Each structure stands twice: as structure tokens, then as C-alpha cells.
Amino acid sequence: MPGVENCLQEAMAIPGAIGASIVDYTTGFPVATTGAAPNEDHEAAAAGTADVVQAAQSRSLFVSAVPHDLLEDLIITTAGGYHLLRLVRTDFDSRLVLYVWLDRLRGNLAVARRRMQTLADELTTR
Amino acid sequence: MPPAVAPSRLLKQAADDGRTGALLVGGAPGGTVYLVRGAVTYAESAAAPGVGELLTVSGRLAARTWEAALEAGAGRGAVGHLLYEQGHLTQGELELCVLGATYDAAYFALGRPDAPAEFRDDVRHWLGDVVRIDPGALTRESRRRTKLVEDIFPQPGLDTAPVIPVTRAPRERVSMTAAQWELLVHADGQRTPADLAQLLGRAGYATVLELRRMAALGLIEAPPPATPDNPDFVRLPRAHGEAVNRVRPAVPAASEAPTVPIVPSGASPPAPAPAAVAVVPAQVTVASAPEAPARPPKLARRKPGARLPKEIAAEPPEPHPGADEVLLKRIRTALRALR
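Those sequence lines, one after another, are chains W and A. The first sequence begins at 15 in the working numbering and counts up one residue at a time. The second sequence begins at 3 in the working numbering and counts up one residue at a time.
These are computed hints drawn from the structure, not numbers from a lab. Mixed in with the good hints, there may be bad ones.
[Said to hold, decoys possible] According to the in silico footprint, chain W covers these stretches of chain A (three or more CB under 8 Å from chain W):
#1 95–107
#2 197–210
[To be verified] SDA-like mimics (lysine to any residue), calculated; alpha carbons at most 20 Å apart, straight line:
#3 Lys331(A) / Arg78(A)
#4 Lys149(A) / Gly62(W)
#5 Lys149(A) / Asp65(W)
#6 Lys149(A) / Ala27(W)
#7 Lys149(A) / Ala61(W)
#8 Lys149(A) / Pro52(W)
#9 Lys14(A) / Pro164(A)
From a predicted model like this one, the values you see are computed outputs, not experimental measurements. For glycine and all other residues, C-beta sits at the position ideal for the given N, C-alpha and C.
Can you build the whole structure from these sequences, using the hints too?
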């Protein structure tokens, strides 16, 4: 039963991980952070993360195509890295996303994606 | 109350001194921020559902489970630890829930720099120390959240006034998020944002944020301009202080109105009467001017039909952390279970 700190430590153990955080995407606030952030600014990165999630979630029709469809994760690929956003589902009201920044060369997208799924699930289920 | 110090400054002072206790913030909605050795462990506000509400309204915990944990752990301030030790919640869930609830309540508690605040030492919350938050980060984030909603729709009155959906949408086509839909459906013209947040088990700030967005779209009535700061009560006496002086002279003149019935009786008497009337006000004006400041501006205080100021109509209950609150919460949880 990992806590928030533990979850982020495990996220940093994903091959190629440079930084990780848990972000409240209603407000764009980093609830917890570790490692590096783009431009060394976790708060700005969190605000950007929130924008992206909201754009996909409520400003686009992707998650409205089928009733009860849910956004699971978003992957942003840049020349230098991968930015992975995995929504953390809780039964109580919260809008959280687990963010991991991965080095493009050292990171393995498939592995990272599966590890993040496990981490997000473990954080909130027994 | 000591001279007004912004709640956030008081919080910083207490944190810098490494104190343990509670910062009580008055006003509407007000709130309480709990410190343990200079770090924030929890915050609560009437406008933000607490950990218990979030967990029970969502169905994550049965009301019975929550109540039992509260009963067993409240006395020694370990309700949070009990919940995950007994396997009702994962540590991650508990931490995320407490973090969310704390930042949520802090927005309401620290948002108004003019709210009366007081620090009481050695008050601890029954939840216990689940998380530790830097008070500076909490204050910064509260300020950022205030700016965020102000940028959307600068109308703070919306945060506390009853939510009234407009009866006719101001545009042909409206698109909204699921959260906005939920709020609109439950807004009955009486419920305030705080009521809606409690009812739906949603964060208070998230509720306020969506309501401001809807207000910006014209889907929600703007609150009456009198509501936010009770300007009816606060400003009118001063504004009318001057008006009273000017109106007063007319009153004695009016009281001499019995001269008017004389008018039909004859042509000659009316002639001096206007002269007298003209003189009297002049005298009264001079006489009444010096004593005017001493006169309480009672008459001008309220417009007919104006609402009683909140401070008088219903003074907000003094936040009183401890056994009473625990008891009240238990009663509320029990009542909810009966519904």
C-alpha cells in the first residue's frame, strides 16, 4: 500500500525517468513532485499538464465519442523525450494525474506506460 | 479581536515560530488551518467538504465505517491512521484525499485578507498528521486559485450567493462539462456553492471554478450586487450622513405645512407664509449642521426590504475544533445514513 512519496519514487525507478509528479488538473497544482521538471519549474509544468488534460478531457470530443468512455492516459512525444500523463482514479472527488517525464533515448514507452498504469492503480486500490 | 492581521500573515508567523495549534479564520465562509510544529497538517472550511464528507458521500467509505473510525480515533487524534491501518483506505488514497481537502479549504480560509483571524496554541485536529504541507506553498496556492477564478469571472459574490440558473440560455447552442451539468441540475435557486459541494461530495474550489465559468457564459444569474460585502449596511450610513443634513431642514418646513390649509381661507394671509417658510429652513440648516455629526444615522441605515446583514441575521458559528465538532459530524453522518 504505497503512499504518495513512495509512488513517485517508484515512478523515478522507471527506466529513463527524469522527473515525476502528481498534479491536480482542476487547478494545475503539483500535489507532489520529485526529480526534474521542464525548465526546472514543477509549478509551471503542472499548469501545462492541467491544460493538456483539460483540453483532451473537456475541450475535445475524444472522450465523448462513446457514453461512459474515460480518458486513461496521454502521451506527448518530443524530440528529446516522452511526457506521459496517466489519470489517477479515486472513488472520492479528485482530479489527479500522474506525470512522468522520460528521456527519449533511455526510456521505453511501452514499459513506462505499463508501469505507470500499475502505479496509478496501486496508489488507490488495495 | 486583535487589530486585523491578514490570516496568511498570521499563519506565516506561527509557522516561522514552529508552533502547534489552529489558525481560526472568521467571516464567511472562514475556516481553520491546523499546524503541527510549523507544518500544515489539515485545513477545513464550511465551504469545502472535509475528508469525511468526501469519502462517505462518494460511497468510498460506508457512513458506519467512517463513524466507527471517528469514534475510535478522534480522542487520540488518529482517525486517519486508523483508516488505513484497518485497511479501509490505502495510504495513497488517504494522503491524496487529505491533501485535496486541505488545499480546498485553504482557498476559502486564506482567500480574504480582511477576515478576522486568531491563532490558538495546542489545538490538534482529530484526523491526525497524515500529511505535512509547507504553509508558504499553501498560501501561494490559495492566492493563485483566487487569481484563477478572478480571471474567469471577477465576481467573488458568486462564491457564496445561492446559485440561480438563468431560465433562458443566452445563446442558441450551449456545451458544458459533466461537472457543470451536475451543478446546474442540482441548483434549485436556494443552494449556495457550499451546499452544492457538500451535497455532491465535490471539492469546494472545483465547484466555485465551474460556477464562475458558467457565469461567464451567462448560464447563471449574477448575484445581486448588494450580497458580496453588504454595502447596504456598511456604506449607506456614511453616504447618507450628508444627505440627512440636507433633508432635515425640509422636515420642519413640512411640519409647518398646516399653514397650507390657510391658503383657501383668504388671499392676504398666504403672502407672509411663504416668507416664513423660506426663512425657517435657512435657520434650521445652520442650527442642525453642528449637531449633525453627533446624531446616529439611524434613519438612513436600511432601505425598505433590504436584507439584514449576515453578521446580525445569522452569525457564523465559531469554529470549535474538538469534541463538539466530532459529535456534530457524527450526528450528521448518522442522519445521512438514515436517509
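Going through the hints against the structure:
1. 95–107: Check passed, 7 qualifying residues.
2. 197–210: holds (count 6)
3. Lys331(A) / Arg78(A): holds, 17 Å
4. Lys149(A) / Gly62(W): Holds, at about 17 Å.
5. Lys149(A) / Asp65(W): It holds: about 16 Å lies between the C-alpha atoms, which stays within 20 Å.
6. Lys149(A) / Ala27(W): Given that 20 Å is the threshold and the Cα spacing comes to 36 Å, the pair is violated.
7. Lys149(A) / Ala61(W): Holds - the C-alpha atoms of alanine 61(W) and lysine 149(A) are around 14 Å apart, at most 20 Å.
8. Lys149(A) / Pro52(W): Not satisfied, since the Cα-Cα distance of roughly 24 Å exceeds 20 Å.
9. Lys14(A) / Pro164(A): This hinted pair is violated, its Cα atoms lying about 33 Å apart.
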